[in-house]
Amino acid sequence: MNVKTFKEYKELGISPDILFWVGCAGSYDDRAKKITKSLINLFNKSGISFGVLGVEESCSGDPAKRAGNEFLFQMQALSNIEVLNSYQVKKIVTACPHCFNTIKNEYPELGGIYEVVHHSQLIDQLINDGKLKIKDDQFNGKKITFHDPCYLGRANGEYYAPRKVIKALRADLKEMKSCKEKAMCCGAGGAQMFKDSEKGNKEINIKRTEEAIETKSNIIAAACPFCNTMLTDGIKSHENHKEVQVKDISELIDKVTD
Amino acid sequence: MQFLSSLLFAIIFFSASFFFANNCKKIYRNINLGGSLDRFGNKKERFLKMSRLAFGQSKMLDKPIVGLLHLIVYVAFILINIELLEIVLDGFTGKHRVLAPFLGAFYNFLIGFFEVLALLVIISVLIFWIRRNILKIKRFVSKDLTGWPKNDADYILFIELLLMMLFLNMNATDSILQNASYSDLYQSYGYFPVSQFLIPIYDGFSLETIYIIERTSWWMHILGILFFLNYLYYSKHLHILLAFPNTYFSNLDKKGKSNNLKSVYHEIKLMIDPSYKIPNDELQNDTKFGASDIFDLNWFQLLSAYTCTECGRCSNDCPATQTGKLLSPRKIMMKTRDRIEDVSRNVDKNKIFVSDGKTLLNDYISKEEIWACTTCNACVESCPIGIDPLSIILDMRRYMVMEESTASNEIHTMMSNIENNGAPWPFNKFDRINWRN
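Chains A and B supply the protein sequences, listed in that same order.
In terms of our numbering, the first sequence has 123 at position 123, counting the first letter as 1, and numbering is strictly consecutive.
In our numbering, each number is its position in the second sequence, counted from 1, plus 258.
Think of the hints as simulated: they come from the structure by calculation, not from any bench.
Even for Gly, the Cβ is constructed at its ideal location relative to N, Cα and C.
Take the hints with a grain of salt, since some may be wrong.
[To be verified] Derived DEER-like restraints, expressed as beta-carbon distance ranges:
(1) K321/B to I113/A: 34 to 44 Å
(2) N517/B to E115/A: 17 to 27 Å
(3) N201/A to G405/B: 15 to 25 Å
(4) N2/A to E626/B: 43 to 53 Å
(5) E626/B to K10/A: 46 to 56 Å
(6) F313/B to D258/A: 51 to 61 Å
(7) K512/B to Q125/A: 39 to 49 Å
(8) F367/B to Q125/A: 54 to 64 Å
(9) S79/A to F276/B: 58 to 68 Å
(10) G47/A to N686/B: 26 to 36 Å
(11) I14/A to S624/B: 46 to 56 Å
(12) N686/B to Q125/A: 34 to 44 Å
[What the hints assert, rightly or not] Heads up, incomplete: computed chain B residues facing chain A, CB under 10 Å, no partners named:
(13) D320
(14) I323
(15) M423
(16) Y534
(17) D539
(18) T581
(19) Y622
(20) C634
(21) S649
(22) D653
(23) M658
(24) T671
(25) M673
(26) P682
(27) I691
Please model the entire structure based on the sequences and the hints provided.
This is the structure:
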């Protein structure tokens, strides 16, 4: 892949404009790694100057903080901030709404002040600026529903950037019965991703997937690697709807641009 | 006789006011059992938020029909209280419709307007009752709302209905007495567009009987209002007062931002650099991380517990509640209030709080509930008056993880992975960029 770390760039005497914060899921999870690659394709297609931290990146601390471990969170945050500040990073983009929220809202008080954007916002801007041109109409008229990630939507009030990206595909955007401010969670947040759920009558991801299936969409668009996992698992458990695909918005745009 | 009536009124009025003031003082004292929190800046923004949410009821109107009905009851409640001023003056002076001569034609308009409002309130309250008891809207019949809280809601509707009917009945009998020039007190004042339809009920009644009915309605109406005022403290109806401070002091930050504990920050800084100096104003003798009881929560969280109207919009939108988990954000607020009240009785009895061997966590709210939360903010988003149940849940998780170390093995594994590998999974940190190859 055509991507370099900030360390490698530094040795070349270059400092990229944007840091792509890959996140743990984007670095290690097989499904999320595909999203990472799609996004890097988009950056390369649009010719923006970016780099990653590579082995110098570490967990943003979000799952620790939401689980109540403020110590571990602040340890992670302070050491990440030290790395970010050493490269004088100004702008960060990430495909993970949890990293996005934490770095944007919780790092500043700890000394990490950056312009932080979610990949849906950057992609929307690149399309608007004409740096990404949509050349293929494979999604024309296709039914796509969008699942709002809690930490992008309610947590940060961004509901429109990912929808504008889907509309740029000329797809037929179908809203679920709960969406935007009222969107139902996929069930992964608050460290739930790493534990079994408490006793109940249904798994949250199954219920959310049912809402998505009700829209009769061909594709469920996600904008968070954890939502992606939860919804993919949800689809797997619905015998009759195995054809429905769960795709990150970056993967959709990657398919129709060159 | 006149004098005795005024004296009786004065005694009842001042007793009711005294009890109410006492309850207000108790709420203030109890809210201050919580820790400090700076929510005093950004006055303009806070005032605007209060205007939008509490005065304007903007979030109530998300559900347009109930929102409108609620708005009617709320506006009527405030406006009809203007009439209350006259009722109180009449009670003290022994006069009747004391403001009428001063206001002239405008008085007639006001009384007519209040009657229309009273009718609208009766209609709204009946619809509310039907929604709760016949249509059985899910959030009003779910298992997290039983016993006193469920009955409380119906009592409120009943009292409101009764007060409005007494008000109309008082006017109807009054207008009969006015037309009959029953006594000097019953001059021809007021305009009665609604209550005139009640007049035929009293066909064939003697004027003396009607006079007794009028006086009884008048007394029951004001006694009812004074009772209602003192009922607030024990009821979810307290929101009619506390919605204002609660929205004013509510969180202005992005919902995703969870506070960074300063005490933790200082400890980490001290670990890295032993010569680090903690700012004097932030020195604490006994730092306890997170919350196990109401004393560890902040005053705003306790204010919110008193403000909660138990409407259940939060739990309706909560993914955990929706999928049958024990967690219900409404219940988090209600149990917090229950605990405050138990502590309050303890303080009343012993002057200071004497440990009762109980804590909010475990004895009121279970760990199972706390761990079922996805921190998705749906509860915070749905609250019409700015309550944040999530902040209480997070504070309790902090206590469990940092003080007790009682999180599940899975959570501990996740945390030790972050500590050792910089990721929540057990991967080697030097493999972090292997995806590039």
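For each hint, the structure was consulted:
The beta-carbon spacing between K321/B and I113/A, approximately 40 Å, falls within the hinted interval of 34 to 44 Å. Between N517/B and E115/A the C-beta distance comes to about 22 Å, which sits within the given range of 17 to 27 Å. Restraint check, N201/A to G405/B: a C-beta distance of roughly 23 Å satisfies the suggested window 15 to 25 Å. A beta carbon spacing of about 49 Å between N2/A and E626/B agrees with the range 43 to 53 Å that was offered as a hint.
Distance hint for E626/B and K10/A: a CB-CB separation of about 49 Å, consistent with the stated range 46 to 56 Å. Checked against the hint of 51 to 61 Å, the C-beta distance between F313/B and D258/A comes to roughly 55 Å, which is consistent with it. For K512/B paired with Q125/A, a C-beta distance near 20 Å fails the hint of 39 to 49 Å. Between F367/B and Q125/A the CB atoms are about 58 Å apart, so this pair conforms to the stated range of 54 to 64 Å.
Between S79/A and F276/B, the C-beta spacing of about 59 Å keeps the proposed range 58 to 68 Å intact. At about 33 Å, the beta-carbon gap between G47/A and N686/B stays in the expected band of 26 to 36 Å. Evaluation of the 46 to 56 Å hint for I14/A and S624/B yields a pass: the beta carbon distance comes to about 55 Å. Between N686/B and Q125/A, the C-beta spacing of about 35 Å keeps the proposed range 34 to 44 Å intact.
Hint status for D320/B: holds, given a least beta-carbon distance of 9 Å to chain A, under 10 Å. Residue-level restraint check for I323/B is violated (minimum Cβ-Cβ distance to chain A is 17 Å; threshold 10 Å). Using the Cβ-Cβ criterion of 10 Å, the hint placing M423/B at the interface with chain A is not satisfied: the shortest such distance is roughly 38 Å. Against a cut-off of 10 Å between C-beta atoms, the interface hint on Y534/B is violated, since the closest Cβ of chain A lies about 12 Å away.
Checking D539/B against chain A by beta carbon gives a least distance of about 16 Å; that is not within 10 Å, so the hint is violated. Among the interface hints, the one on T581/B holds; its C-beta lies about 4 Å from the nearest C-beta in chain A, closer than the 10 Å criterion. Interface restraint check for Y622/B: the shortest CB-CB distance to chain A comes to about 18 Å, outside 10 Å, so the restraint is violated. Evaluation of the C634/B hint against chain A yields a held restraint, the C-beta minimum of about 4 Å falling below 10 Å.
Taking 10 Å as the C-beta cut-off, the interface hint given for S649/B is violated, the closest approach to chain A being about 12 Å. This hint holds: D653/B has a C-beta 8 Å from the nearest C-beta of chain A, less than the 10 Å allowed. Nearest Cβ of chain A to the Cβ of M658/B: about 6 Å, under the 10 Å cut. The hint holds. Interface hint status for T671/B: upheld, as the beta-carbon distance to the closest one in chain A is roughly 7 Å, under 10 Å.
A hinted interface residue such as M673/B counts as satisfied when its beta carbon comes closer than 10 Å to some beta carbon of chain A; here the least separation is about 6 Å, so the hint holds. Because the smallest distance between the Cβ of P682/B and any Cβ of chain A comes to about 5 Å, under 10 Å, the interface hint for this residue holds. Checking I691/B against chain A: minimum C-beta separation of about 4 Å stays under 10 Å; hint holds.
Hints 7, 14, 15, 16, 17, 19, 21 from the earlier list are contradicted by this structure; the remaining hints agree with it.
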